Amino acid sequence: MAKVANERLRARKLLLDALKMPETLPALSLADWELLLRVARRARVLGRLESALHHAGLLGDIPPPVAAHLRAARNVIKHRKTLISWEVNRLLWALKGIDAPLILLKGTAYLLADLPPAQGRIFADVDLLVPEDRVREIEERLVERGWFKTEIDPYDDRYYRVWMHEIPPLRHRERGTEIDIHHRLLPKTSHLASAPAPLFAAARTLADPRLRVLAPADMILHALVHLFLEGDPDEGLRLRDLADVHDLLCHHGQEPAFWASLVPRARALGFQRPLFYGLHHAHQFFGTPIPPDVLHELEDAAPAWPIRKLMNRLIPLALLPGHPDHPSHLAALARWLIYVRAHWLRMPPGLLIKHLSHKAWLRFRGFRKRVDLAQLDLKQQ
Amino acid sequence: MILMAAGRGLIWQDWGDVYLVYQPSSAETHVFNETTAQILKCLEHGSLSTATAKERTEAALGVDLGELAADDFAFATMRLEELGLVESADDVSTAQ
Amino acid sequence: MNVGDLNRREFGEQLAGDGVALQFGPFNLRLRSDLDSFAAHAHQLYEPYPLPETTAICDFHVQICAPRGLRRWLRRQACFGVDGQFPFAPYTVEHAFPALEWGINWCVATRAHHLLLLHSAAVERNGRAILFPASPGNGKSTLCTALVHSGWRLLSDEFGLVRPEDGLLLPIPRLIPLKNESIDVIRRFRPEAIIGPSFLATRKGTVAHVRPPLDSIRRAQEPARPRWLIFPRWVSGAPLTLEPMSRSQAFLMVATNAFNYDVLDETAFRLVTDMVHACDCYSLVYSDLNEAIPALDELCNSMDR
Numbered sequence: 001m002a003k004v005a006n007e008r009l010r011a012r013k014l015l016l017d018a019l020k021m022p023e024t025l026p027a028l029s030l031a032d033w034e035l036l037l038r039v040a041r042r043a044r045v046l047g048r049l050e051s052a053l054h055h056a057g058l059l060g061d062i063p064p065p066v067a068a069h070l071r072a073a074r075n076v077i078k079h080r081k082t083l084i085s086w087e088v089n090r091l092l093w094a095l096k097g098i099d100a101p102l103i104l105l106k107g108t109a110y111l112l113a114d115l116p117p118a119q120g121r122i123f124a125d126v127d128l129l130v131p132e133d134r135v136r137e138i139e140e141r142l143v144e145r146g147w148f149k150t151e152i153d154p155y156d157d158r159y160y161r162v163w164m165h166e167i168p169p170l171r172h173r174e175r176g177t178e179i180d181i182h183h184r185l186l187p188k189t190s191h192l193a194s195a196p197a198p199l200f201a202a203a204r205t206l207a208d209p210r211l212r213v214l215a216p217a218d219m220i221l222h223a224l225v226h227l228f229l230e231g232d233p234d235e236g237l238r239l240r241d242l243a244d245v246h247d248l249l250c251h252h253g254q255e256p257a258f259w260a261s262l263v264p265r266a267r268a269l270g271f272q273r274p275l276f277y278g279l280h281h282a283h284q285f286f287g288t289p290i291p292p293d294v295l296h297e298l299e300d301a302a303p304a305w306p307i308r309k310l311m312n313r314l315i316p317l318a319l320l321p322g323h324p325d326h327p328s329h330l331a332a333l334a335r336w337l338i339y340v341r342a343h344w345l346r347m348p349p350g351l352l353i354k355h356l357s358h359k360a361w362l363r364f365r366g367f368r369k370r371v372d373l374a375q376l377d378l379k380q381q
Numbered sequence: 382m383i384l385m386a387a388g389r390g391l392i393w394q395d396w397g398d399v400y401l402v403y404q405p406s407s408a409e410t411h412v413f414n415e416t417t418a419q420i421l422k423c424l425e426h427g428s429l430s431t432a433t434a435k436e437r438t439e440a441a442l443g444v445d446l447g448e449l450a451a452d453d454f455a456f457a458t459m460r461l462e463e464l465g466l467v468e469s470a471d472d473v474s475t476a477q
Numbered sequence: 478m479n480v481g482d483l484n485r486r487e488f489g490e491q492l493a494g495d496g497v498a499l500q501f502g503p504f505n506l507r508l509r510s511d512l513d514s515f516a517a518h519a520h521q522l523y524e525p526y527p528l529p530e531t532t533a534i535c536d537f538h539v540q541i542c543a544p545r546g547l548r549r550w551l552r553r554q555a556c557f558g559v560d561g562q563f564p565f566a567p568y569t570v571e572h573a574f575p576a577l578e579w580g581i582n583w584c585v586a587t588r589a590h591h592l593l594l595l596h597s598a599a600v601e602r603n604g605r606a607i608l609f610p611a612s613p614g615n616g617k618s619t620l621c622t623a624l625v626h627s628g629w630r631l632l633s634d635e636f637g638l639v640r641p642e643d644g645l646l647l648p649i650p651r652l653i654p655l656k657n658e659s660i661d662v663i664r665r666f667r668p669e670a671i672i673g674p675s676f677l678a679t680r681k682g683t684v685a686h687v688r689p690p691l692d693s694i695r696r697a698q699e700p701a702r703p704r705w706l707i708f709p710r711w712v713s714g715a716p717l718t719l720e721p722m723s724r725s726q727a728f729l730m731v732a733t734n735a736f737n738y739d740v741l742d743e744t745a746f747r748l749v750t751d752m753v754h755a756c757d758c759y760s761l762v763y764s765d766l767n768e769a770i771p772a773l774d775e776l777c778n779s780m781d782r
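Protein sequences appear in the order of chains Y, C and H. Mapping of the first sequence onto the numbering used here: residues 1 to 381, in sequence order. Mapping of the second sequence onto the numbering used here: residues 382 to 477, in sequence order. Mapping of the third sequence onto the numbering used here: residues 478 to 782, in sequence order.
Do not take every clue at face value.
Simulated pairs of lysine-lysine, DSS-like, Cα-Cα distance not exceeding 30 Å [unchecked claim]: (1) 379(Y) with 656(H); (2) 422(C) with 81(Y); (3) 13(Y) with 422(C); (4) 656(H) with 681(H).
Here are the in silico distance ranges between beta carbons for each label pair [to be verified]: (5) 491(H) with 230(Y): 38 to 46 Å; (6) 675(H) with 3(Y): 19 to 27 Å; (7) 267(Y) with 563(H): 41 to 49 Å; (8) 561(H) with 299(Y): 44 to 52 Å.
Calculated from the structure, these hints are not laboratory results. These numbers were taken from a predicted model, which means no experiment stands behind them. Positions of the beta carbon are idealized from the N, C-alpha and C atoms, including for glycine.
Generate coordinates for the entire structure from the input sequences, incorporating the hints supplied.
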């Protein structure tokens with residue numbers, strides 16, 4: 001029992017130390033590297049470690065078998081970055097003549113705006129925020145130019161369009177990349193629903209004037225909302241999303257007036273609770289330097305003391321990947337509870353959702369059913 | 382209409398029967414026949430009107446002027462545009 | 478030290494405990510299982526495979542185990558897992574061994590992106606290799622098995638592992654899975670071939686595993702330079718044809734048949750270009766191994782001069 005507890009602690013320490021102090025990695029033993037690779041892969045931060053080592057010029061000091069894994073991660077990440085940039089390029093081509101504000105979100109924004117979280121991050125889809133009254137026009141133009149809509153049941157499709165904050169994903173008929181078009185950051189049904197107009201007003205234009213990203217505070221708030229309200233029952237909360245927030249806080253924190261504006265902006269958008277959790281746990285795991293008066297200002301956004309204590313236990317359990325050989329029932333429970341909470345925050349029980357079962361909702365989020373290993377086309381992986 | 386080359390850093394391989402071209406900005410590998418390849422090559426030195434591009438392609442292919450079907454040419458340029466290898470503009474005054 | 482240096486009991490105990498580390502070419506695997514029947518098959522079929530140094534890291538941590546919870550007692554099942562995750566539908570416990578083998582393929586195909594992964598069989602002789610890029614159903618495993626029992630060394634029956642730094646093929650001489658009629662074909666072709674038990678009614682029909690000759694396993698750390706690209710197709714009753722193939726066609730077939738051509742961007746384009754330039758490319762149609770093997774021997778001998 002003690003051995004298992006020790007192993008779990010070891011896995012946790014290896015991961016957090018690696019993320020906070022990558023310069024210590026060359027000194028790691030092979031046995032430690034073996035565990036770290038597994039845990040980092042689970043948390044999808046392998047690329048982040050590779051990037052940190054690359055920038056510090058330390059890759060040559062890493063044992064060759066370990067370096068092979070890091071190189072593999074780097075190759076995948078580099079390829080995906082190209083796919084995402086290209087998809088944005090093609091998107092702009094397809095939308096020529098449609099003069100709608102396009103705000104890039106999440107990874108797409110980090111990449112196109114050349115922000116620190118883009119390094120070592122694995123990219124999946126292109127995420128865009130557009131005004132609700134332009135969604136149809138944009139979608140139709142994309143369909144004309146070679147994209148197709150994801151096939152879903154007409155009732156689900158309508159549910160998606162009426163209640164959710166995004167339309168079903170679009171995919172180009174030749175390329176695989178998915179485009180997720182959002183018209184707000186959260187479903188209309190959420191407790192935390194906030195109107196998108198202030199986001200558009202504050203958005204910043206990139207070097208290419210057709211593209212925008214959220215203002216610094218908004219970008220961080222969105223990342224936190226996405227982190228805490230879009231969990232997954234298996235994976236829990238995404239540690240790499242918190243790492244992104246840490247990067248953004250450090251980067252934008254250098255701008256004068258950023259810190260002073262953060263809490264007021266959170267209140268204006270109704271996101272003060274996710275900010276509360278985000279700042280505390282970013283500091284806890286990554287040592288993010290946060291001005292004390294900002295934390296003080298945020299105290300009244302804290303939940304009631306019993307809930308605060310509970311979340312202090314649950315969030316780390318749901319955030320950290322645990323030891324691959326010694327899964328923790330407690331962590332699995334925490335992940336599930338956090339997921340249910342996120343689900344509830346997005347869709348309060350009062351809403352009648354007749355046919356949209358739990359599974360269908362998971363399908364929207366790309367939750368993978370158990371596939372048959374024997375029939376799997378390994379080339380599609 | 383004006384056509385401009387848009388592919389950056391393309392890597393060409395001439396295999397005799399077809400060209401295989403790697404496009405770094407999209408990470409895609411394309412297979413081009415002689416006609417498509419010549420369209421791209423004639424745009425390498427600057428933008429051209431559609432009509433001029435067609436004439437130069439025909440010259441490069443060693444065929445008579447007007448022999449290349451207009452539909453085929455239009456299809457090829459449309460496809461190249463979709464792949465991001467060519468850009469088109471309507472305004473004549475924007476050409477060099 | 479090899480798997481066979483552990484007796485059956487030790488092997489089973491380790492497998493059920495911390496796991497047994499196995500070396501397959503460039504990859505070290507840590508394998509765990511609590512299934513007795515699986516342990517028996519593994520001990521028999523993996524017997525000559527080396528155990529890596531205790532200090533070496535393991536690249537994949539896989540397991541094939543009874544499911545947790547109630548299902549353990551209801552139907553006897555085996556679940557394939559990697560790093561504590563079980564993303565696949567369970568198998569019946571009788572199919573644990575083939576499931577594990579497929580699982581290892583999945584690990585390689587989804588993780589080894591520091592290499593170019595071609596979907597190809599590969600064999601070597603006199604320092605030169607033939608690659609057989611092929612889709613499933615073209616008979617490459619059967620052909621490959623016949624060749625390695627006719628004087629060729631097995632590099633792989635599934636993965637052409639190309640090292641980007643120098644374009645060399647890295648061996649991964651694992652068991653070769655044969656399906657349905659191919660099992661009897663090989664038994665007739667080479668009665669002395671070591672073939673494991675037949676697993677009936679799997680998702681791919683009847684499957685049995687051929688253990689490659691010891692020489693192939695012992696030389697698993699010797700890379701080879703590709704010299705021929707041969708695209709095989711088994712067609713019942715067809716006369717033997719071995720015809721040159723255009724290089725552009727060969728390029729496209731290799732690239733579209735690779736597991737991760739896309740992922741490696743420009744590196745993949747250059748590696749496949751170099752390989753196709755350096756190799757003679759042929760398409761092969763055959764129905765009889767006793768015709769195909771000598772034809773390939775002849776081709777490669779004449780090229781060598």
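Quick one: are residue 491(H) and residue 230(Y) within 38 to 46 Å, going by C-beta? This hint holds: roughly 42 Å between Cβ atoms.
Taking the CB of residue 561(H) and the CB of residue 299(Y), does the distance hold inside 44 to 52 Å? violated, 38 Å
If you draw a straight line from the CA of residue 379(Y) to the CA of residue 656(H), is it 30 Å or shorter? This hinted pair holds, its Cα atoms lying about 21 Å apart.
Lying within 19 to 27 Å: is that true of the beta-carbon distance residue 675(H) to residue 3(Y)? violated, 41 Å
30 Å Cα cutoff - pair residue 13(Y), residue 422(C): violated, 57 Å
Please work out if residue 422(C) and residue 81(Y) have their alpha carbons no farther apart than 30 Å. holds, 28 Å
Need the status of pair residue 656(H), residue 681(H): alpha-carbon distance at most 30 Å? Holds - the C-alpha atoms of residue 681(H) and residue 656(H) are around 7 Å apart, at most 30 Å.
Between residue 267(Y) and residue 563(H), does the C-beta distance stay in 41 to 49 Å? holds, 43 Å
Checked against the numbered hints above, the structure breaks hints 3, 6, 8 and satisfies the rest.
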